[in-house]
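**Q** What follows is each chain in one-letter form.
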Amino acid sequence: MSTYLAAAEPATAEATGVLALGWLLIALPLLGAAVLLLGGRRTDRWGHLFGTAMPALACLIALAQFAALLERDAEERSVGSHLFSWIPVGALEVEVGLLLDPLSMCFVLLVTFVGTLIHVYSIGYMAHDPDRRRFFGYLNLFVAAMLLLVLADSFLVLYVGWEGVGLASYLLIGFWSYNPTYAAAAKKAFVANRVGDFGLSVAVLIMFAQFGGVSFSEVFAGAEGASEGVLTVLGLMLLLAACGKSAQFPLQSWLGDAMAGPTPVSALIHAATMVTAGVYLVVRSAPVFEGAPDAQLVVVIVGAVTLLFGAAIGCAKDDIKKALAASTMSQIGYMMLAAGLGPVGYAFAIFHLLTHGFFKAGLFLGAGSVMHGMGDQVNMRRFGGLSSVMKVTWVTFAFGWLAIIGFPGLSGFWSKDKIIEAAYVGDGWRPWVFGTAALVGAGITAFYMTRLFVMTFHGKRRWTDDVHPHESPLVMTVPLMVLAVGSALLGLALGPTGAIAHWLEPVVGAHGEEEPVIAVTLLTTLTVVLVLAGAALAWLTYERRPVATTAPRGSWLTRAARRDLYQDTVNESLLMHPGAWLTRSLVFFDNRGVDGTVNGLAALLGGTSARLRRLQTGFVRSYALSMFAGAAVVVGAMLLVRL
Amino acid sequence: MTDFPWLTTLGLVPLVGALVVAALPSARELLAKQVALGFSLVVLAGTIALALQFDSDGGEQFQFAETYEWIPQFGVSYALGVDGIALVLIAMATVLTPVCILASWHDVDSDRRSAKGYFALLLLLEMFMIGVFAATDVFLFYVLFEAMLVPMYFIIGSYGGAQRSYAAVKFLLYSLVGGLLMLAAVIGLYVTSDGGPKAFLFENLLGTEMGTGTERLLFLGFFIAFAIKAPLWPLHTWLPDAAAESPPGGAVLLVGVLDKVGTFGMIRFCLPLFPDASQWATPAVITLSVIGILYGALLAIGQTDMKRLIAYTSISHFGFIVLGIFAMTSQGQAGATLYMVNHGFSTAALFLIAGFLISRRGSRLIRDYGGVQRVAPMLAGTFLVAGLSSLALPGLSSFVSEILVLIGTYSRYEVAAVIATGGIILASLYILLMYQRTMTGEPTEHTSQMADLNTREAWVVAPLIAIIIALGFFPKPLLDVINPAVDRTMEQVGVTDPEPAQPAAEGARP
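Protein sequences appear in the order of chains H and S. Each number in the working numbering corresponds to the 1-based position in the first sequence with 520 added. Each number in the working numbering corresponds to the 1-based position in the second sequence with 122 added.
Since the hints were derived computationally from the structure, they do not count as laboratory data. One or more of the hints may lead you astray.
[As the list claims (entries may be wrong)] Which stretches of chain H does chain S cover? Using the computed rule of at least three CB atoms under 8 angstroms from a CB of chain S, they are:
| hint | segment |
| --- | --- |
| 1 | 605-611 |
| 2 | 676-688 |
| 3 | 726-732 |
| 4 | 896-903 |
| 5 | 938-947 |
[Stated by the list, open to error] Distance ranges between label pairs, derived from CB positions:
| hint | chain 1 | residue 1 | chain 2 | residue 2 | range |
| --- | --- | --- | --- | --- | --- |
| 6 | H | Gly749 | S | Asp125 | 58 to 64 angstroms |
| 7 | H | Pro608 | S | Thr330 | 32 to 38 angstroms |
| 8 | S | Thr131 | H | Asp651 | 48 to 54 angstroms |
| 9 | H | Val1090 | S | Ile413 | 44 to 50 angstroms |
| 10 | H | Arg1104 | S | Thr334 | 41 to 47 angstroms |
| 11 | H | Leu558 | S | Glu191 | 51 to 57 angstroms |
| 12 | H | Gly560 | S | Tyr190 | 38 to 44 angstroms |
| 13 | H | Asp649 | S | Arg489 | 27 to 33 angstroms |
| 14 | H | Ser1093 | S | Pro599 | 45 to 51 angstroms |
| 15 | S | Gly181 | H | Gly749 | 34 to 40 angstroms |
| 16 | S | Glu191 | H | Pro608 | 36 to 42 angstroms |
Just so it is clear, CB atoms sit at the ideal spot from N, CA and C, and this is done for glycine as well.
Build the full structure now, drawing on both the sequences and the hints.
**A** Here it is as structure tokens:
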């Protein structure tokens, strides 16, 4: 462990030159949000352009910083910049500082680059919305909070970004909150996230009590000498936080409903960036998890369960966005699983996170483009045959589809295959269980994504009479093309070249040379066969045979998956109903019990209960007098006994 | 620092203002309001001048101190002075007063009673608020503590809602019970003290020798009075009635400032004067405050009346404040003090914006609203920001104080801190449920014509929100003032912060 930690903590140098501009990355989108939200209607005309320029500028700075980091030696790629003293009380000294290292650089590039593309896309997608300016304001707010989250150099500053993205997510899910269902979805997301945030809060409390500080350097240095018990609790609390933010089991229920937000939001926040913050948290806290194997095991279990859970739901959904949401949950399950594996998996968790950021954003924006053409319909049973009328969307979507199912050569293949390999590393039962879960998941992913692709773009046209599908304008299709290129090539560029593992090594350590329990070539072959089988099955089922425009009843498993495997039913009966009952009885108790008792006591003091009623007509003096007498007696008694 | 009696002057300005306003002819309502606002702004300017001269590293505990003999036979002096804790609370009170005056501009126009009376009462209340935080003589503190009830009683009883008499009397009775217990304890304190013409001076009472039983009794006398005022569960039931029936401006000063006298009293008087008894009572107080945090939050979730809901959220927040004070750590107490200030501003924003909403629709019931966001986006947006501050969203001021309280509590009482942290989940429910029910959805027949914030209302809300955001990101100026005062309190109680279990190696600090 000590060698690992030495690798994980390169000396952080003071940032200079363009690297010292980290604050500007956050300040630019924050300025955008402030101008758009405070500027009001005056900014309507140019607000969307201003709002797009901010993340674009941040992206340029990020690219310059990336270039500056590349010029440095691997050990010197971790630079910090101190901004100001935030909460100094006694031994607690929380500074606001930014840490730019290879890990945060990955996120900064992903967030600003994909974020900018999605801003551009939104110019077209939201063109007819009267509140487009407000939308861009919220998006800017999100980008600022997300960048703060990944650039923070302490857990408490990270917390600010952490809940900041939660707020942006809340505002954007409820962007059309005049629809009561959407408003409820927004609240559900925030509350579920707060349950996770409880974990982050408690983690911060433990950190200060144990290590005397909450900055990464203090906590990780302290973790070296801490007991396994402390680190396990700390790890589990961080995992709870990660589960809330990343929609992992058992806090996954909000993500499907979150699709109420406009589709660019689903692409940016609920697919590419925010929901992966949990993975970031676990990887960032590696020194804590390294000392807590039990917590790591739970991370792996959560990842494995969620990846299968999401995949199962993905197979049954007919709503294109909800199917994609289930897929997001499942793919993050893969990342979480990898992150729980330790050094063997960290780099691949981040690798999959990056490729997923591209192809899932592309898929969501593609779905948005379809909805744009189909009058905002989302029911895939009413799609079909769109390949001929939306050629650009179709082709770009195809890249995303092939990437996510792990078609050989495309991005998802490189990153997911590595996770499956890593999951098969180890001794005893674990590699067999977790590796197999990851492997089977790949097959199911191929099935449901092919189903989604075929139901939307191929087969018979099952359109309702009132739709006239058309291709989206260039402002929307250009981002699709860029993301398609990323979906195709990013994996090839980073994976087989070893670039990503090498880049992240100073932060997460070398991944070692452990061999999986099944030979790598055999494993890759198995994966590809399973993927092709899953895709073929879906193709045969949904392309060769007609798709019913209303969903058939289906098996019990289908019905359960359609209802998200009863996650809401469980939450309602375990938490919401008892909670509502508790609240109601407490309100009753407070009105009758506590208040009643006090009123009763007052009545006793005053004499009769009839007098109590007269209180309301103003018989204060008698009470004051009687109490004054009482006090006088007390005082007299005290004086008498000389205390 | 000169010998100029800053604090007395600061207290006299609102008193003169109240008299001037009261003396104006009843017909000149607008003038009365303008004069009241003018005086409150002068007080605010004076407070700013005072704060700028305050030396946070000053050697003396109390600055701007004034001491005059008042009733030497009983050891009573007229003594004022502020430390960091008192200063930030006075600053909060003097910011909130003009805000409340401006917010209440038309609240009492249609009332049976003259509008000028209401504004005179607000100014009178401001004088008492300044005095009670500045008093360094225990007897003087007691007198102001009790006298403060009078203007508040009339604000609720004369200008309140339908149930105002019941609420006002209930408020008065609860307060009187507490006040009388405190009076008994004050006299008891005199008896045990060394006597002399300045016996009641805070510094002369410090370290008074007394038996364990006596100390505990006296502690309880003070503590129960403060716990009613704060209010701490289960002594809270007067607050929802009083706050709901009071006009919005009065509710803000009641919940935002007056109740803080309770928690202020705990940290200023209970802890330093009765250090051993305070530590003896700590487990019980911690338990009550944790219950209060969850109880207040659950009750808030179940409310149907907006103002009662906000009142219950305050009960939950007061739980946090008391928890921080009795955690006996510098983080806990500094957090609690900061919480008093932050809670004042965020609750003021909530009450006042809710008041604006209620003045448009004429109902306090949540179910009578819906879809306001569509027709009045500024009203809805500012209400949301105020709510987010109440649920302690990081980046807004309450977060800093809440996390400080929790951090400070955890290092001594792990279980209590973890349970209290559960309050953050409930907070998101009570705020967002209220927002969802009132602001989202399609506008109803009653809300579809609702006007957005007008200029005056925007001027009321803007400073509050600016402060909430500024203190969220940069609380250091306040903490710099609060920290030395808290350190001194800890010293007087005789406690030190616990050491971290596994301190990071030296040099690990960034």
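**Q** State for each hint whether it applies.
**A** Tested hints:
{"no.": "1", "hint": "605-611", "in the structure": "holds (count 7)"}
{"no.": "2", "hint": "676-688", "in the structure": "holds (count 7)"}
{"no.": "3", "hint": "726-732", "in the structure": "holds (count 6)"}
{"no.": "4", "hint": "896-903", "in the structure": "violated (count 0)"}
{"no.": "5", "hint": "938-947", "in the structure": "violated (count 0)"}
{"no.": "6", "hint": "Gly749(H) with Asp125(S): 58 to 64 angstroms", "in the structure": "60 angstroms, holds"}
{"no.": "7", "hint": "Pro608(H) with Thr330(S): 32 to 38 angstroms", "in the structure": "34 angstroms, holds"}
{"no.": "8", "hint": "Thr131(S) with Asp651(H): 48 to 54 angstroms", "in the structure": "51 angstroms, holds"}
{"no.": "9", "hint": "Val1090(H) with Ile413(S): 44 to 50 angstroms", "in the structure": "29 angstroms, violated"}
{"no.": "10", "hint": "Arg1104(H) with Thr334(S): 41 to 47 angstroms", "in the structure": "44 angstroms, holds"}
{"no.": "11", "hint": "Leu558(H) with Glu191(S): 51 to 57 angstroms", "in the structure": "55 angstroms, holds"}
{"no.": "12", "hint": "Gly560(H) with Tyr190(S): 38 to 44 angstroms", "in the structure": "54 angstroms, violated"}
{"no.": "13", "hint": "Asp649(H) with Arg489(S): 27 to 33 angstroms", "in the structure": "30 angstroms, holds"}
{"no.": "14", "hint": "Ser1093(H) with Pro599(S): 45 to 51 angstroms", "in the structure": "49 angstroms, holds"}
{"no.": "15", "hint": "Gly181(S) with Gly749(H): 34 to 40 angstroms", "in the structure": "46 angstroms, violated"}
{"no.": "16", "hint": "Glu191(S) with Pro608(H): 36 to 42 angstroms", "in the structure": "41 angstroms, holds"}
In terms of the numbered hints stated before, the structure departs from hints 4, 5, 9, 12 and 15, listed from lowest to highest.
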